Structures are given as C-alpha cells and as structure tokens.
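Colleague: Given the sequences, and given the hints that come with them, work out the whole structure.
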Amino acid sequence: MGSLTQLLYTARDSLTAQSYGLNVTGQNITNVNTPGYVKRDPLIETRALGTATTGSVTVAGLQRATDIYIERRELSARGSASAATEHDNQLASVEALFNDQGSTGLGNALSNLFSSFSALATNPNDPTARTAVLGAAGAFADRSNAIANTLSETKNDLLKQAQETTAEINAKANSIAQLNRRILAAQAQGEDAADLKDQRNNLLLGLSELVDVRTIPDDKGSIIVQASGTAIVDGTNTRALSVNLAADGSLQISSDNGSGGTTDVTQLLTGGKLAGIKETRDVDIFDVSSKLDKLVFDVANAVNAQHAAGFGQDGVSGRDLFDVGPTLTDAARNIRLGAAVAGNPAAIAAASTAASVPGGSDNAVALADVFNTALPDGRTAAETYGDIVGAIGQRKSAVAQAVETQNAIKAQVQTMRESMSGVSLDEEMVSLTKYQRAYEASGRVLSTVDELMQDLINRVGK
Amino acid sequence: MRVTEGMRYSQVLGNLASINAQHAQAAQEASTGIRVTKPSDDPIAAAELARLSASSSQTKAQLSTIDTVRGDAELTESTLSDASDIFVRLKELALQGANGGLTAEERATIGVEVSGLKEALLSLSNARGTRGYLFSGTQVSTPAFDTNGNFQGNDDAHVVGIGNSTPTAVSTSGADSFVVAGGRNVFADLDSLSTALANNDEAAIRGSVDNIDLARGQLVDARAKAGLILSKLDASQSVLTSLDTQQQKTAQTAGAADPYESYTRVTTLGQTLDRAIAVSKQILDIGSTNRF
Numbered sequence: 001m002g003s004l005t006q007l008l009y010t011a012r013d014s015l016t017a018q019s020y021g022l023n024v025t026g027q028n029i030t031n032v033n034t035p036g037y038v039k040r041d042p043l044i045e046t047r048a049l050g051t052a053t054t055g056s057v058t059v060a061g062l063q064r065a066t067d068i069y070i071e072r073r074e075l076s077a078r079g080s081a082s083a084a085t086e087h088d089n090q091l092a093s094v095e096a097l098f099n100d101q102g103s104t105g106l107g108n109a110l111s112n113l114f115s116s117f118s119a120l121a122t123n124p125n126d127p128t129a130r131t132a133v134l135g136a137a138g139a140f141a142d143r144s145n146a147i148a149n150t151l152s153e154t155k156n157d158l159l160k161q162a163q164e165t166t167a168e169i170n171a172k173a174n175s176i177a178q179l180n181r182r183i184l185a186a187q188a189q190g191e192d193a194a195d196l197k198d199q200r201n202n203l204l205l206g207l208s209e210l211v212d213v214r215t216i217p218d219d220k221g222s223i224i225v226q227a228s229g230t231a232i233v234d235g236t237n238t239r240a241l242s243v244n245l246a247a248d249g250s251l252q253i254s255s256d257n258g259s260g261g262t263t264d265v266t267q268l269l270t271g272g273k274l275a276g277i278k279e280t281r282d283v284d285i286f287d288v289s290s291k292l293d294k295l296v297f298d299v300a301n302a303v304n305a306q307h308a309a310g311f312g313q314d315g316v317s318g319r320d321l322f323d324v325g326p327t328l329t330d331a332a333r334n335i336r337l338g339a340a341v342a343g344n345p346a347a348i349a350a351a352s353t354a355a356s357v358p359g360g361s362d363n364a365v366a367l368a369d370v371f372n373t374a375l376p377d378g379r380t381a382a383e384t385y386g387d388i389v390g391a392i393g394q395r396k397s398a399v400a401q402a403v404e405t406q407n408a409i410k411a412q413v414q415t416m417r418e419s420m421s422g423v424s425l426d427e428e429m430v431s432l433t434k435y436q437r438a439y440e441a442s443g444r445v446l447s448t449v450d451e452l453m454q455d456l457i458n459r460v461g462k
Numbered sequence: 001m002r003v004t005e006g007m008r009y010s011q012v013l014g015n016l017a018s019i020n021a022q023h024a025q026a027a028q029e030a031s032t033g034i035r036v037t038k039p040s041d042d043p044i045a046a047a048e049l050a051r052l053s054a055s056s057s058q059t060k061a062q063l064s065t066i067d068t069v070r071g072d073a074e075l076t077e078s079t080l081s082d083a084s085d086i087f088v089r090l091k092e093l094a095l096q097g098a099n100g101g102l103t104a105e106e107r108a109t110i111g112v113e114v115s116g117l118k119e120a121l122l123s124l125s126n127a128r129g130t131r132g133y134l135f136s137g138t139q140v141s142t143p144a145f146d147t148n149g150n151f152q153g154n155d156d157a158h159v160v161g162i163g164n165s166t167p168t169a170v171s172t173s174g175a176d177s178f179v180v181a182g183g184r185n186v187f188a189d190l191d192s193l194s195t196a197l198a199n200n201d202e203a204a205i206r207g208s209v210d211n212i213d214l215a216r217g218q219l220v221d222a223r224a225k226a227g228l229i230l231s232k233l234d235a236s237q238s239v240l241t242s243l244d245t246q247q248q249k250t251a252q253t254a255g256a257a258d259p260y261e262s263y264t265r266v267t268t269l270g271q272t273l274d275r276a277i278a279v280s281k282q283i284l285d286i287g288s289t290n291r292f
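Residue numbers (my numbering), protein chains in the order written: chain A, 1 to 462; chain B, 1 to 292.
Treat each hint with caution, since some may be false.
Stated by the list, open to error - Calculated pairs, SDA-like style, for lysine to any residue (alpha carbon to alpha carbon, straight line, at most 25 Å):
hint, chain 1, residue 1, chain 2, residue 2
1, B, LYS249, A, ASN112
2, B, LYS249, A, ASN372
3, B, LYS249, A, ALA109
4, B, LYS60, A, LEU8
5, A, LYS291, B, ASP41
6, A, LYS434, B, ARG2
7, B, LYS281, A, GLY135
8, A, LYS434, A, LEU8
9, B, LYS60, A, LEU134
10, A, LYS294, B, ILE44
No lab work stands behind these hints, which were simulated from the structure alone. Bear in mind that the values here come from a model prediction, so they are computed numbers and not experimental data.
Modeller: Take a look at the structure:
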C-alpha cells in the first residue's frame, strides 16, 4: 500500500513525463515545416520497480515515426524520378537541334541545297545561280558541322556533369559515414540521436536524387548505403565512385574496391541524375549522332557521285561537291565543300557532257533529283531526316511521359512517408491539450498530497 | 490515413503546378495557332512536317523554275511567230516579183526589201533570252547563226525538272526551226528568192514561192512545238500549284492547332485554375493555426 510520500513521488514523475510530452509536442510543432524532420512520439511507460506496483510513470525516450520499407521505396522512387527528369532535361537540348518548326534543324539546309540545283538548271550559265549552289552546299555542310559539334560538346559537358555528380555522391557518402559514427557514439551513451538520424535521412534523400540508393540498417543504428550496386557507405567506411571514359567512349562508373583498384559497376547503375546523364549521353546522343552521320554521309556521296559525272563551265568533270571522308564516323562533323569547287562557282557541274557547256542543265536537274532518289538505306534524304526528327520526338515524348509517371510514383510514396512521418498540427494540438491537462492534474495530485500532509502534520502537532 | 500539413502543402502545390502547366500550354497553342512547336509535341506530326517541308520546298523550287523559264519559252514562241510572219511577207513579195509585167528595176527594188527581211530573220534567229541565245542549244554564249545563216549552236536541249518523271526540255532547237537537215534551210530559201530577184529571173522567182511556203510551214511547226512547251509549263504549273496548296493544307492539319478546340481548352483550364486556387485557399485555411 502506498504512502503519501510515494504519491508525492508519483505526482513528481507524472509532472516530469507530461512535461516531456509537452516538450516533444513542441519540437514537432516547431519543425512542422522542416524538410526531412520525422515526427517524434514520446515513449511514456509505467515505472517498474521490482515486482511491486508503484503506479508511477517514467519516460523511456522518444520514437521517430518511420517505416524502413516506405523509406526504401521513397529512395527508389526519387532515384527513378530524378533519372527521368535529368534525361528529359538533357534530351530537350538535343531535340532543339532538330526542331525545324523553330528553324534550328537541318531540314531547311537540305531543302535549300536541292532547290539551288533546280534554280541552277534554269540558267546554268548564270554566275549568281552557281554561287547560290556553293552557298547552299556550304550552308548544308556548316549546319551539319554545327549540329554535330553541339552534340559532341554536349557529350563532353555530360561527362563533366557525371564527374561532378560523382564527386557530390562521394561527399554525401562521407557525410553519411560521419553521421553513422556520431549516431553510434550517441546511442552508445544512451541518447536517441533522432536529430542525427534526421540529418542522415536528409542526406540519403539528396543522395537518391544523384544515384540509385538502397539502405540496409544494422542493429546498432548504423546503415549500409548501396549505390549502383556497390556499398559506398558501410558503417563508418566509404568507397568512392568515379567516372571515366570506356574504350568505346561511353561513361564507365567505377567503385573503389578497397584494395587500391576499382570495379566497373556501370551495368548496375539504375537511377538518379547519374543514370539520366548516362542514358542521354551514351544512348540518345550516340544514336542521333550515328543517324546524322549516316544521313550526311549518304547525301554527300549521292550528290558527289552525280556531281562528278557532270562537267563544270571549264569542261572538267570528276569533281566532288563535298569532302566528307571515306567513312561514316564523324561525317557530319567533318563535311566540307570539296577543295576543287570551294570558291570556284564555274566548277559546279551543271552539264552532263563537255559539249553542252556552258548552257547544259541536265546534270543540274539530275542533282536536284538526288533529293527524290533513295539513299542506300532505301529512303530519300527528306524521308530519312523526317525519321530522325520523328525518332527524337518519340524518345523525348516517351521520356517526358516517364517523368510524369515517375513523379506521380514519387509523390505517392512521399505522401505515404509524409503520412507516416510528417507532423499533423491537428494531432499536436490534441497532444498539447492532452499533456497540458495531464500536467495540470498531476499538479492537482501534488497539491492534494500537500494538503493531506499538511492536515496530517497539523493533527500530529496537536 | 493521417493527413499532415506537409501533405496539404504538397497537394496544393502539385495540383496548381500541373494545372498551370496545362493552361500555359493551351494558351500558347491558342495564341500562336501552332500545336507542334517541337518534335516531342507530336512526333508523328513533326516527322511528317519535316518531310512535308522538304516536299513543299521542292514544289516551290519547281514553280519558281517554271516562272523563270516561261519568259524564254514565250519569247521563243513569239520570235518564231515573227519569223513565220516574215515568210508571209516574203511570199507576197515573191508573188509580186513573179508578175510578168515587172521590170528588172522593180524586181531589184523588191530585192532590197527581201534583203532587209533577211537581216530581220537573222536578228530573230539570234534572239537572246535570260539564259543567252535562244536557238543555240546549250551554246548559249554563241549566236545561233552567223551572218550567212550558218548554224553555230548545238542540238542539246535546255532541260529543267518541273515535277515530271523525266527532265523537261524547255528550249526550241534552232537547227530544227531554221536549217533542219531533210527540211528547209530558211536562210537558203530566202537567199534563193533574193538571187532570183537580183537576176530578174521570173521563173526562179515563181519557183521559190513553194519553198517559201515550205519554209514558213517549218517555222510554224517550230512555233507550235514552242507552244507545246508553254502548254507543258502551264500544265505542270497547274499540277504543282495544286500540290503546293495540298501540301500547305496537310502541314496545316498536321501542325496547326484547332482554334475552337484550343480556345475551349484555354477557357476550361482557366476556370479549372480559378477553382483550384479557391479550393487551395480553403485547404490552406484548414491547415491554419487558428485551432491554437
């Protein structure tokens, strides 16, 4: 049976517990808008003292309202959404290079080239028409060069971005490892380390935007962080990621293997900004560059073949209009006006025989007709160019759709996480009232015990 | 499900951002009348527009070609007409010269006019168009005939591409018109008359009348061929103009926004946006701190 003194201690414990509850509620309200903050719940439990029933209360600490599975899903969803968003952003600049609606594509230059042959056919002896052909051919070569160079520069930029992203990943991995160390130390001293875990969680969310992330907690409060299939954080240790160019020119993601070497983990990269960069650079830009090179190579060779068959005003044949090199590789980047015709309008071969110079126009007509002739792939130049534009549009459109889908998934998982870990002011209002009333009641118990003891002392004193 | 303050704010922001983006897109379409501003707006339409742009450019180039060569073709036709008219006058003069009552002096006077007509015929046969001498074939820098009526050009035609399966010849052969082998050498016929008049040779003058008729017939045939070229140009122009119109319509269909549809979307999304803002305000009011 409890004494008044024990009841006094019980009231004291209750005041302490309710005060703690008020304190935690205050923390929650204070951090209602703090990114990454996880709602805390005070752990208040019956004070056990041996087998006796004391009826008192004690504070066992606090609990962060988290769910490891929801957190993992959020990391994954953020990684996928970030990869799609980065891919979409980078593809927009590639798409802009082939936007004939915005007059930035190759289509106009291609059309102007063949129109200039038609115009030449109307008056092959006109120096202006000949100069116009050279101008249109030069413009086609220049536009091809400009697009190819921009694609090449974009590839270089993306390599730098990938390297900067990797440096950011490594910095965050180091910070997480340091937080693991501090959390282990705090928990060893009996502290809850909730603030440190929030910080670590924020870093993980940031990391998941950069690379695919998976976490594995251990029973001591530390976590292993896997990125691109490799453990970049293992407790307090880290393994750095790096980006270099592989032999085929694609990005190679490597992980420090801990023994002075590296391991190629490129194939395991599935999410985050790094994946978006790699997909754009090594798939889309590679693909569009190859198609552009083929189109330019085929057009240049078809035009050259027809041009070489004709005769210039000087009666000479066999001259190429374009210098495009012997192979497809970098054809769009390397194409130039042929050395034999550059600056020499009279060398444009409008006539099909030497005898028909200077008014012969049949080769100019044949040159214009190359536009309607199937290239080696079975499609005309205009059809092939349309195919390239359509393919880029399809790709960009599909990626934009993926962005919407991945963002919707991310929003859904974030809602689940927010529902689990976010602060609800309604709940906190109720908690505030609950602990406030309990605190007031505990104070009443204390004053009642005080009155009883006063009464007892007065009676004993008589 | 717990509903937290963060969820309310995220929902409000997400909804407003989404509707705003749709509204901006619809407003752009309605204000510009263009639905496809970049390939990803409609990849199939963008590819079609790229191909159409190329085809349309080619059609316009061919129409421009027709406009350019039409001038020379018309000039050729009118020149041959003038040349055949000369032979009408020559026949009159020949018949006049064949009159047995004329004296040698009177025939000599007719011969003077015939000589003048030869000069005129030579001048016509060396007429120049925009690309050079009309009747020189592809030797456009060389007069078609020398002062003696000898042909100096070639028989190569000036060809252009105007949408037909094969190149179209748009020039008229000077040799075929004036000095065709197996046909009449119109300058020689004219010279024969001139010589007969000078020689006061009534029989030769009478004999030249038939040749003058044949020469005129040859020039009329050449003029008819020149007329056929003009007809071909007209026919091609008609086809290409229709094609150009059709290509523009197709491009309009593929890339342009439907004005009614886009205006309706702008209006509808504007109303949706207004409602979303009002609802958002209510949601945020629920989440206000008045409860404290």
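Colleague: Which hint numbers does the structure go against, in order from smallest to largest?
Modeller: Result: hints 4, 7 break, sorted rising.
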